[in-house]
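S.K.: Chain residues, written in single-letter form:
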Amino acid sequence: MNQLKPLIARIEDVKIEAEGVKTYTLSTGFPFLAEPGQFNMIGYPGVGEAPISLSAIMQDGSFKHTIKSVGRVTDFLKDFKKGDELFFRGPYGRGWPVKKAEKKDILMIAGGVGLAPLRPVIQIILDRGELFGDVSLICGARNEKNMLFMDEFKEWSAKISVYLAVDEAVRPEKWQHHIGLVTDLLDRVRIKPERTIAFICGPEIMMRFICRGLMMHGMSQSSLYVSLERRMKCGIAQCGHCQHSGLFVCKDGPVFSYKEVRGLPDGVL
Amino acid sequence: MTGERTFQKFKRLIPKKAFLLWLDSLKKDYKLIGPVKTGNHAVFKEVDSSEELFMEYGTTMLSPGKLFLYKPNEELFRFTFNEKNPSPIPLPQGEGARGRVTEIFSSEKISVDEIHSMPEKQVIVGVHPCDMNAILYLDRTFLGAVKDPHYEARRKNTVIISLNCAYVSENCFCSSVGTGPFLHAASGYDMLLTAFENEYLVEIKSRRVEELFGLRGRGAGNAELRLKAEKEKSIKWKFKKTVDISGLDNIFAENTGHPVWQRTAEEKCLSCGNCVMVCPTCFCYDIRDEMSMDLKTVTRYRCFDACQDIRFAEVHGGNFRQRRAARLRQFVTHKLDQTNQYGVSGTVGCGRCITWCPTGIDLMEITEEIQRYEPA
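For the protein sequence lines, the chains are A and B, in the order given.
According to numbering that gives the first Met the number 0, the first sequence is numbered sequentially starting from 0.
According to numbering that gives the first Met the number 0, the second sequence is numbered sequentially starting from 0.
Think of the hints as simulated: they come from the structure by calculation, not from any bench.
Careful: at least some of the hints might be erroneous.
[Unchecked claim] With beta-carbon atoms standing in for the labels, derived distance ranges:
{"hint": "1", "chain 1": "B", "residue 1": "M292", "chain 2": "A", "residue 2": "R211", "range": "27 to 35 Å"}
{"hint": "2", "chain 1": "A", "residue 1": "R9", "chain 2": "B", "residue 2": "D293", "range": "24 to 32 Å"}
{"hint": "3", "chain 1": "B", "residue 1": "Y166", "chain 2": "A", "residue 2": "S219", "range": "52 to 60 Å"}
Only a predicted model underlies this, so the values are computations on that prediction, with no experimental measurement involved.
C-beta atoms are modelled at their ideal positions from N, C-alpha and C, and glycine is treated no differently.
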């Protein structure tokens, strides 16, 4: 069978998350299994496919993608409604090292839609928090209208210390959290370098400064994990678009330890 | 992929004429493909008779692997937007017609058909060691953890007869990267020829060709093998281009800011992508959808793509290789430096990227400049 063959998924629900961002709950009729941090190629005939990380992997076999309309494929998807069908194939890639994080403190840092690929990790922490030590989440966005999953933060706060930052607030009088860069918040978290593992996802330039900031807090490069975004056509290490210095981001990543990808040519990490 | 069971790896001397007649006898069951002289060039194409073959060729513009195994264009799927009574769409003529369309599954609105390659059996004769090694390289991409069914089907139906190279072209540097001029790969092909004056030294490399090959000829002894070794030794002196690949690993990665990239990009490179198109190991592809004029069907196909294209590494909100210098460096490092990808060098030393660069960019010159720059 051709691994590029897409499958049909039915949209069970559409939820508006933020400006131009929607979460689609998808089902396929068979149980869909994936690891947190993996991605699917999502698309539609005549429009093409784009790699999108999973934002939830449900116990009933359904799954979610949180998609911001920014390109040809994602723009096309923005008008899809409950009951519509779209095409997907996957899951692909190497996800977050959740197993390695057991018994450790977890520090998650997300920027913008970078929170979506971390959500399956948050899901595991909420379900089985006893496996992990202290868990913190630092989350940044351009403004509060661009912040994802705002309605879920309260539930998350039960097991996770959540810190929020916006570059600028649309309604500063109502915003009770930090205004400024996510990197500012690193000092607010008590980091025990030897027992902490960090999962970071956001714009590459943000991840660069976060990683360097965490190294100044004493964390090692190999305990920092980042999820990279690259152009992909196949997802199976053939089309070559996501290649970086011999790595196939689709197969060897998208999640890498900072040690593996620091200083990658043409990236900014 | 060809020598699954044991076979007799015999070596025989066969008169050239008899060998060519044997090739003609294969035409009963196989398409015969080989080098043919066209003007001043040689091209790999299907022939009606072995008389058309030009076995003394130096190089070709396009490699046999990317003409007959990994195709420039490949139809993958057909999507049909169903109306109330979906009607099956007609199958295409041409190569696709030999294929078979199987319905995988369908929804109410759209059905998806996978297009299967059912390629004819073919024999490619006269594949030089550089191009044979390039096919073994493509195997790593398309027959790795995830197999490409189209490539796999063609590879299985293709008998490859490699020919040790005796005609060094201007830009060849295979002797520097260990991929030629004589072939030393143990498997992955069917037969190896070495041209003597009136005979071919024929070495059987697969069971299927052992079964196909009926000629007795004369068994090759130590004297003939010594002659082969001498031929290899003598041709190695003819290379004008050389590169020292020892210690080349990582040298590009460590010199991403070397002025040679910016200078070559500004003064020479046109981002035309010729280098990629003629490269026998470049495997990158794009996947494209084409909507029919009546808006009822979409054909999804894949086609060669080039890292020299400005949008190749573009994502929303950024382009990892916006600069031409970065794209040029990506190509050169993928060929010469990224051995961590498959454990082998990405170049086979065929020199085509140098020959067909319209502005004369020479990978060897770039490499030497960076090597000179390296502090001792």
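S.K.: Look at each hint and say if it fits the structure.
M.R.: Cross-check of the supplied hints:
The hinted range of 27 to 35 Å is not satisfied by M292 of chain B and R211 of chain A, whose Cβ atoms lie roughly 54 Å apart. A hinted range of 24 to 32 Å for the beta carbons of R9 of chain A and D293 of chain B is consistent with their spacing of about 27 Å. In this structure the supplied range 52 to 60 Å holds for Y166 of chain B paired with S219 of chain A, their Cβ-Cβ distance being about 55 Å.
Against the hints set out earlier in the document, a violation occurs for number 1 only.
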